[in-house]
Amino acid sequence: MADSAVEIGMAHAPHEVSTSFEVGKLGMWVFLAGETMLFGGLMGVFILVAISHGGWGADGAHVNWRLGAINTLVLFTSSLTAALAQGAARVQDSARAKRYLSFSALLGVLFLVIKAFEYAGDLREGFTPLAALFWSFYYVMTGLHVLHLLAGVVVIFGLMLMVTPRTSGDWLERKLKYVCLYWYFVETVWVFLFALVYLAPSAG
Amino acid sequence: MEQTEFSASDSLKTWGLLVALLLVGALAVALGLPRNPALWVIFGAAIAQAYVIGRYYMRLRSEDVLIYTLVLLPVALVIILAFVLTPDVAMFR
Numbered sequence: 001m002a003d004s005a006v007e008i009g010m011a012h013a014p015h016e017v018s019t020s021f022e023v024g025k026l027g028m029w030v031f032l033a034g035e036t037m038l039f040g041g042l043m044g045v046f047i048l049v050a051i052s053h054g055g056w057g058a059d060g061a062h063v064n065w066r067l068g069a070i071n072t073l074v075l076f077t078s079s080l081t082a083a084l085a086q087g088a089a090r091v092q093d094s095a096r097a098k099r100y101l102s103f104s105a106l107l108g109v110l111f112l113v114i115k116a117f118e119y120a121g122d123l124r125e126g127f128t129p130l131a132a133l134f135w136s137f138y139y140v141m142t143g144l145h146v147l148h149l150l151a152g153v154v155v156i157f158g159l160m161l162m163v164t165p166r167t168s169g170d171w172l173e174r175k176l177k178y179v180c181l182y183w184y185f186v187e188t189v190w191v192f193l194f195a196l197v198y199l200a201p202s203a204g
Numbered sequence: 001m002e003q004t005e006f007s008a009s010d011s012l013k014t015w016g017l018l019v020a021l022l023l024v025g026a027l028a029v030a031l032g033l034p035r036n037p038a039l040w041v042i043f044g045a046a047i048a049q050a051y052v053i054g055r056y057y058m059r060l061r062s063e064d065v066l067i068y069t070l071v072l073l074p075v076a077l078v079i080i081l082a083f084v085l086t087p088d089v090a091m092f093r
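Protein chains in written order, with the working numbering: chain S, 1 to 204; chain H, 1 to 93.
Pulled out of the complex, with its shape left as it was, chain S reads as follows (with noise of 0.2 Å):
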């Protein structure tokens, strides 16, 4: 596809050295480091009014860190997975990738319904966002969390919408890599948001 695979650089200065870049790679890796500064500045924000209340106590005591550690596991499965049809794409194994690629989406619609039935629990017990200054924290990060990952389940149903038999593996390869980045970005949110909001304050 011509507009992700331009390349920029110094194309027409032959005689110069340049270093060129995937432009649609840039554009996504430029997008990941604004995403890092949201979810970065709410961490640490957490991490200090935790600090200067000595910790959640029994606010923090009663999120459900094996409904997390099952959803950790549904995360990492799926990019698995979506490693998987990446190196299927690599192949020219397009309907393999597109099979692999289901697969991920479908582990982020079940960790989706795992969040869901997590914060049906939640609510039923009377922690609503506005409970506590912990449970204000944790709707708002998962939630943007769940979110950004929805909108990666929107994408990767899309791109499989996309691909026919036909479908070039170079072209899909390519598309893959940048939607997989992101996947792999929403799961490293998630490694810390787990941590963060499920063990930590179980911990001790």
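It is worth saying that the hints were derived from the structure and are not from the lab. Source: prediction; values computed, not measured. We treat Cβ as the ideally placed atom computed from N, Cα and C, and that holds for glycine. Take the hints with a grain of salt, since some may be wrong.
Below 30 Å or equal to it, Euclidean Cα-Cα: the simulated DSS-like pairs (lysine-lysine) are [to be verified]: (1) K25(S) <-> K13(H); (2) K13(H) <-> K115(S); (3) K115(S) <-> K175(S); (4) K177(S) <-> K25(S); (5) K25(S) <-> K175(S); (6) K115(S) <-> K177(S); (7) K13(H) <-> K177(S); (8) K13(H) <-> K175(S).
Which stretches of chain H does chain S cover? Using the computed rule of at least three CB atoms under 8 Å from a CB of chain S, they are [stated by the list, open to error]: (9) 28 to 39; (10) 43 to 50; (11) 65 to 73.
Far from chain H by the CB rule (all over 12 Å, computed), these chain S residues [said to hold, decoys possible]: (12) S52; (13) V146; (14) L199.
Put chain H on the given structure of chain S with help from the hints.
Showing chain H alone in chain S's frame:
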């Protein structure tokens, strides 16, 4: 930048490593380790997981300095934000 080849077996090994690190963090809570050692284990495991994802799935090992700058700059800014806010936290305590 050329992508480094990453086979299905490498992907499975990476997944296994991530699951092992997940178990380490979860066991620190399940076994009821004292709070401070547990926190070290939990955040150590999280940082290791992020490193594994970045290095092997996001292919950061084969990226150039521009991408590293894009990754590290926001992290540095968040750390600066934390330092800037620290006096307020100390005053609050």
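Each hint, compared with the structure:
| no. | hint | verdict |
| --- | --- | --- |
| 1 | K25(S) <-> K13(H) | holds (26 Å) |
| 2 | K13(H) <-> K115(S) | holds (27 Å) |
| 3 | K115(S) <-> K175(S) | holds (28 Å) |
| 4 | K177(S) <-> K25(S) | holds (8 Å) |
| 5 | K25(S) <-> K175(S) | holds (10 Å) |
| 6 | K115(S) <-> K177(S) | holds (27 Å) |
| 7 | K13(H) <-> K177(S) | holds (20 Å) |
| 8 | K13(H) <-> K175(S) | holds (24 Å) |
| 9 | 28 to 39 | holds (count 9) |
| 10 | 43 to 50 | holds (count 5) |
| 11 | 65 to 73 | holds (count 5) |
| 12 | S52 | violated (4 Å) |
| 13 | V146 | holds (19 Å) |
| 14 | L199 | violated (5 Å) |
This entry does not satisfy hints 12, 14, going by the numbered hints stated previously.
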